[in-house]
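**Student:** Residues per chain are reported as follows:
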Amino acid sequence: MNLLNNYFLNSAFLAQTPTDGVDPSAASQIVLQAASVNVWTSSMLVPIVLGAVGYMLIQHGVVKSKAFLGGGAVSLVLAVGFALGFTPGTFESYVLMSFCAVATGGGIGFLTAREPVYAALGFATAVLSVCGVLFMQSALFIAAATMIVYAGATIIIFLFVLMFAQQTELRTYDIQLNNPLVAAAIGAVLLATITMCVTSDNAIMPVKVDSTRAMSAASLPDSLSSEAGIEAAKKLDAIDPALRYVPKLTAGLGRSMYTDYLLAVELAGTVLLVATIGAIALAQRTTETQS
Amino acid sequence: MNETTQNLLVFGGVLFVIGMVGFLTRRSLILMFLSLEMMLSGVSVNLIAFSRHHQNYQGQILAVMVLTIAACEAAIALALVVSLYRRKATLDVAAWDDLSETLIPKVIEAPQTLEEPAMEFPKLTPAGLDPLSRPISANFDAQSLGNGESVKASTLEAGTNA
Numbered sequence: 001m002n003l004l005n006n007y008f009l010n011s012a013f014l015a016q017t018p019t020d021g022v023d024p025s026a027a028s029q030i031v032l033q034a035a036s037v038n039v040w041t042s043s044m045l046v047p048i049v050l051g052a053v054g055y056m057l058i059q060h061g062v063v064k065s066k067a068f069l070g071g072g073a074v075s076l077v078l079a080v081g082f083a084l085g086f087t088p089g090t091f092e093s094y095v096l097m098s099f100c101a102v103a104t105g106g107g108i109g110f111l112t113a114r115e116p117v118y119a120a121l122g123f124a125t126a127v128l129s130v131c132g133v134l135f136m137q138s139a140l141f142i143a144a145a146t147m148i149v150y151a152g153a154t155i156i157i158f159l160f161v162l163m164f165a166q167q168t169e170l171r172t173y174d175i176q177l178n179n180p181l182v183a184a185a186i187g188a189v190l191l192a193t194i195t196m197c198v199t200s201d202n203a204i205m206p207v208k209v210d211s212t213r214a215m216s217a218a219s220l221p222d223s224l225s226s227e228a229g230i231e232a233a234k235k236l237d238a239i240d241p242a243l244r245y246v247p248k249l250t251a252g253l254g255r256s257m258y259t260d261y262l263l264a265v266e267l268a269g270t271v272l273l274v275a276t277i278g279a280i281a282l283a284q285r286t287t288e289t290q291s
Numbered sequence: 001m002n003e004t005t006q007n008l009l010v011f012g013g014v015l016f017v018i019g020m021v022g023f024l025t026r027r028s029l030i031l032m033f034l035s036l037e038m039m040l041s042g043v044s045v046n047l048i049a050f051s052r053h054h055q056n057y058q059g060q061i062l063a064v065m066v067l068t069i070a071a072c073e074a075a076i077a078l079a080l081v082v083s084l085y086r087r088k089a090t091l092d093v094a095a096w097d098d099l100s101e102t103l104i105p106k107v108i109e110a111p112q113t114l115e116e117p118a119m120e121f122p123k124l125t126p127a128g129l130d131p132l133s134r135p136i137s138a139n140f141d142a143q144s145l146g147n148g149e150s151v152k153a154s155t156l157e158a159g160t161n162a
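So the sequence lines, in the order shown, correspond to chains Y and G. The opening residue of the first sequence carries number 1 in our numbering; numbering runs sequentially from there. The opening residue of the second sequence carries number 1 in our numbering; numbering runs sequentially from there.
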């Protein structure tokens, strides 16, 4: 414990966000990233509304021809390419955007598939692409854990249950949906609101590093533990912001998890144990001799 | 960097909305749970984007917690779905509507006040003797009034009216 205390006290920096309510002196703050700029335009509403209308057309069986769907896919690809033309992107940003596009396509396939097995496969596609996005964000552990837990365990077991319950013909509850018009309207309004809030001016606060408050040694990589380190980090940021994270990221995650969030980890383990016991108790088949 | 964060936030919102629309529209139990998992993955993308933006590990640790709870939820949901399927041999969520309150109709109608329709009785011309004002004695003889035929007819009519 004494070792841990010394460890915490020696750390001099942590990421200070303006939402913390603490107003440290301006000299001790180093702004690492500027605030977000306003990129909101009303034309962002167009793909949202078009997506909702297309979803309704598919649900009501208006669009059944594969030519319509192919045309929609081609226009989606063209739109992505058009958007990429404006972005002065690097290779990483292109890979990230393609992962996002594949994940969105998998989600749309999940949403519009009639066969439950195809819907589950679309979900698997979306989850694997989300793992790629997380990997590109240098969240390596989360990406691996998501791949193992979601795509490895959850999808397979859900597919087992689907095929266990699946009949040869489609059931009515797979074809007739609950209120697709209301759901599409709610979804379009929610997505428009999210887009407007995220892309409006100063929606994302600038990131500052406060040198007066020490909270955790694991909050920042070791390269930021001195002024010279911060200068070096800022130079690295000019090249690529991911450079100073990648080597130590998973180690730092484990360090933070087992020092700062030890109680949360223990509680999560307890919840897992309770869920295991509950699942066994629920799935148990009661025999006639017991009753 | 900020553009990446904004793009990822929009992407997380797209995943969340896809999951929400699927949860609202799908009627199969398993696909509803898959929609829930899709919403959770959208939230995880948000957390990771902010973790990278703020350059600390808090968002990633929250994402680990989300993953843990999602695994617990999937295990219990599968056990529930299997035991529900054993009962009714269907995955339709509408088969379990009777778990809700069945006394209340789904479409709430406006309360109706029952009005008693005004009864209209036929108005007859009063005829004959009023037995309340002039009670008829037990030894009443209609022949004593003289005109026997008309009195007999009037008493009969009064009797049917009463």
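Do not take every clue at face value.
A partial selection of chain G residues facing chain Y, derived with a Cβ cut-off under 10 Å [claimed, not checked]:
| hint | residue |
| --- | --- |
| 1 | S35 |
| 2 | S100 |
| 3 | L132 |
Computed list of chain Y residues with no C-beta within reach of chain G, every gap over 12 Å [stated by the list, open to error]:
| hint | residue |
| --- | --- |
| 4 | S42 |
| 5 | A73 |
| 6 | L134 |
| 7 | V198 |
Worth flagging that the hints you see were computed from the coordinates, not collected in a lab. C-beta atoms are modelled at their ideal positions from N, C-alpha and C, and glycine is treated no differently.
**Student:** Confirm or reject each hint.
**Tutor:** Now the hints, each set against the structure:
{"no.": "1", "hint": "S35", "verdict": "holds (8 Å)"}
{"no.": "2", "hint": "S100", "verdict": "violated (14 Å)"}
{"no.": "3", "hint": "L132", "verdict": "violated (69 Å)"}
{"no.": "4", "hint": "S42", "verdict": "holds (15 Å)"}
{"no.": "5", "hint": "A73", "verdict": "holds (16 Å)"}
{"no.": "6", "hint": "L134", "verdict": "violated (5 Å)"}
{"no.": "7", "hint": "V198", "verdict": "violated (4 Å)"}
Consistency with the previously given hints fails for numbers 2, 3, 6, 7, ordered from lowest to highest.
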